[in-house]
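Trainee: So you can see what is in the structure, the chains are spelled out below.
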Amino acid sequence: MKNILGRELPDYIEGYGKIEPFMGAFNNTGIKERKSVKVSSVTPGEEKVLASIEEALDKVQIKDGMTISFHHHLRNGDFVLNMVLEAIAKKGIKDITVAASSIFPVHGPMVEHMRNGVVTGVVANYMSGPVAEAISRGELKKPAIMQTHGGRPRAIESGDLHIDVAFVAAPTADTYGNINGVGGKSACGALGYAVSDAEFADKTVAITDNLVPYPACPIEISQIYVDYVVQVESIGDPKGIVSGTTKITKDPVGLKIAKMATEVIKASGLVKDGMSFQTGAGGTSLAVAAELKEVMKKEGVVGSFAAGGVTGYIVDMFEEGLFQNIFDVQCFDLQAVESYKKNLRHQPMSASMYGNPHNKGAVVNHLDIMILGATEIDTDFNVNVTTGSSGVIMGGSGGHSDTAAGAKLAIIVTNLMKARLPIIKDRVTTVTTPGESVDVIVTERGIAVNPRRTDLLEKLSNTNLPVMTIEELKNMAEKITGKPNTIHTSDDIVAVVEYRDGTVIDVVKKIK
Amino acid sequence: MPGNNPGMLQNAGILGADSIILDLEDAVSLTEKDSARVLVREAIKNVDYSNVEVIVRINPLDTEFGAEDINVIARVKPDTILVPKADEAQIKQVDEMLNKIEAEEGIEAGAIKLIALIETAYGLETIYDVIRVSKRVVGVLLGGEDLTSDLGVKRTKEGEEIFYARNRVVAACKAMKIDAIDTPFTDTNDYEGLAKDAAKAKSLGMTGKSAINPRQIDTIHSVYAPTEAEIKHALRVLDAMEEAKREGKGVFSLDGKMVDAPIINRATTTVELAKILGLIR
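Just so you know, the protein sequences line up as chains S and W, in that order. The end of the first sequence is residue 512 by the numbering used here, with every number in the run present. The end of the second sequence is residue 1281 by the numbering used here, with every number in the run present.
One thing to keep in mind: the hints can contain errors.
To be verified - With the Cβ distance kept under 7 Å, some of the chain S side facing chain W (calculated, not the full set): (1) P252; (2) E444; (3) R445; (4) N464; (5) V467.
Claimed, not checked - No farther apart than 27 Å at their CA atoms in a straight line, the calculated lysine-lysine pairs in the BS3-like style are these: (6) K1196(W) - K293(S); (7) K250(S) - K1157(W); (8) K1275(W) - K459(S).
Hints were generated in silico from the structure; no laboratory data involved. On a predicted model such as this, the values are computed, not experimentally measured, just so you know. All residues carry an ideal CB built from backbone N, CA and C; glycine is no exception.
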């Protein structure tokens, strides 16, 4: 069968199950149910602190075939996923599904567990590094499931993704399981991606390197969800916790793109009091924030909120009074952590509050302007941020499709060519975000507006901006780079790409 | 733009500069001179720089690379060649080589222009001869770094040490009706200093300024850009001129003041500049 984007899908995939094809960004809505959760009640006098991860594995009665979960707030500095998997492997447990909100190069040791059958399933919103490469080569038994930051809490809350045990890396935890991310040597700030896991898992184990006396205020994840607490020497490497890409680009091409994107935002009429804004932490995206900052200052505009993974640049705008609030699902640098710690209007949000399409309204629904990147874009405006030019998994939606769906103006900023490759193609290798959610593409050589947005086209036609069709943009790039050959993959499906509502938007095939 | 960087050569034309210098000289190490020459040749042949002027800075003719630079680059017809450490003899020699290559390649005679890079005390003091020796010379670029080194003085941000050189270049260029292009400002992170330096050079009569990093382009343009009031006034001058033409008047006035040729010229330049900078459509 084909989904609405014309992507060929089987009806059923072994190791995944029946496929519900993607039929439009807001096709699968209406009355939804949350699953009920089993809770082991705790009575006065009971202790939650355990001596080791091994003891925790015994207490939660870990067994073959279980699904265990992790959050990615420690990013490429995370030690917890590797420690837990090693302990599980030592116990001889097999057939584990790892549901980690993201997987990074630091999680390379997992590849060995995939090869020896300890790990047979992976569910993640983003993955890069050895694990992603091994999955692309077909080294995982079941197809990996790629979700979105909003789709993951949806799946957990609905029961589509049942978590047997959630292991929550806790920068600070108390003896009764209250957790926060602002204290301790591994402080990472907001813990938005861990919230649904803790609430909906059958068992939740906090793993901390900063065990404090009760209570660990401010409490971000409450004791009422946490079964056990384990103290370890270190949950992560602070150097890896702070993301590497949170600097404004110095590349003149990136800066030019950012300037043009800001002109698009101005022309859209969205720069006004009460506006909301989100940008990723890539160099060009941050440059848009820097440009927009100047525009807002000049025009005396005060925004309602900035959202997202939060960087120091967003904090600066907030502290200068350009935004009244910040919604923070994850802090990207220490300045963001500090701000989150001290300012009540720097508000945490769970991943569900951020982007779950099946709750009573996510923050993305209130977004005016969203700045996004792309690995590939096709002439239908579909965007790929999941696979690279060779077909290997090197990312994933993260919040890409959630924010694109919600924002009034979703702007893709990208170089028209990266190295020797054109970015715009007839057909993207993998669809991550459907074209219907993408409003405009800004490159250094031209701007393409989604033909659905006739209003925006009209506004931009009154400017000096180089607006053209996406086909013209594609031809311009191909004139320089030539047309790249199609990547040949095998027929084996190595990953299923779920849209935020749980329907299947695409699949990733094994590389040859 | 370093001539040995393909990515930069590819994008050089879209960064907002009116002219781009593809460099074969100081930005390219000795071991990469030949590969840079080939890359720049291919870039000129294949990259669409649209209406951006393409200038190639060659190596001086007294090095082993200079003559071959001209031999290879001139055949693909760049708009302009920038001659470093320019003096009369070198410009003459380049001019003669270009005459020959243009004839061989069927390029219109004199089509390839020259900009003299004045960066020695000798070049500065003989600047008239440097300009007059070839009709191809359409501009002078002042090279402040090498010049101050030759003068044995310290280069400063304030630029007092090049005050005379700037004046000398401006006067000679204006006398010969060619462009006077100011030396670059080398601190790429000091935009305020860049704006001051550009404003100073503009006030002395420089017609443009070179940038050492694409990030400097906007600041330079904003200094050289006409103000809103200047644009308004220029448009009114041109409107008044049109009206006078229609009415068959030779001489006319605006706001009670006579409008003569220099005012019309200035208004035309202002409007052209405003159009280029996208300030008016």
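Trainee: Each hint should be assessed against the structure and marked as holding or not.
Mentor: Comparing the hints with the structure gives:
Against a cut-off of 7 Å between C-beta atoms, the interface hint on P252(S) holds, since the closest Cβ of chain W lies about 3 Å away. Hint status for E444(S) relative to chain W: holds, with the closest Cβ pair at about 5 Å, below 7 Å. A least Cβ separation of about 6 Å between R445(S) and chain W falls short of the 7 Å threshold, and the interface hint therefore holds. For the restraint placing N464(S) at the interface with chain W, the shortest Cβ-Cβ distance is roughly 5 Å, inside the 7 Å limit, so the hint holds.
For V467(S), the interface hint is violated, the least distance from its beta-carbon to any beta-carbon of chain W being 14 Å, above 7 Å. The suggested pairing of K1196(W) with K293(S) holds, with an alpha-carbon distance near 24 Å, which does not exceed 27 Å. A hinted pair counts as satisfied when its Cα atoms are at most 27 Å apart, and K250(S) with K1157(W) qualifies at roughly 23 Å. Simply put, K1275(W) and K459(S) have alpha-carbon atoms about 21 Å apart, close enough for the 27 Å limit, and the pair holds.
Hint 5 from the list above is the single one not met by this structure.
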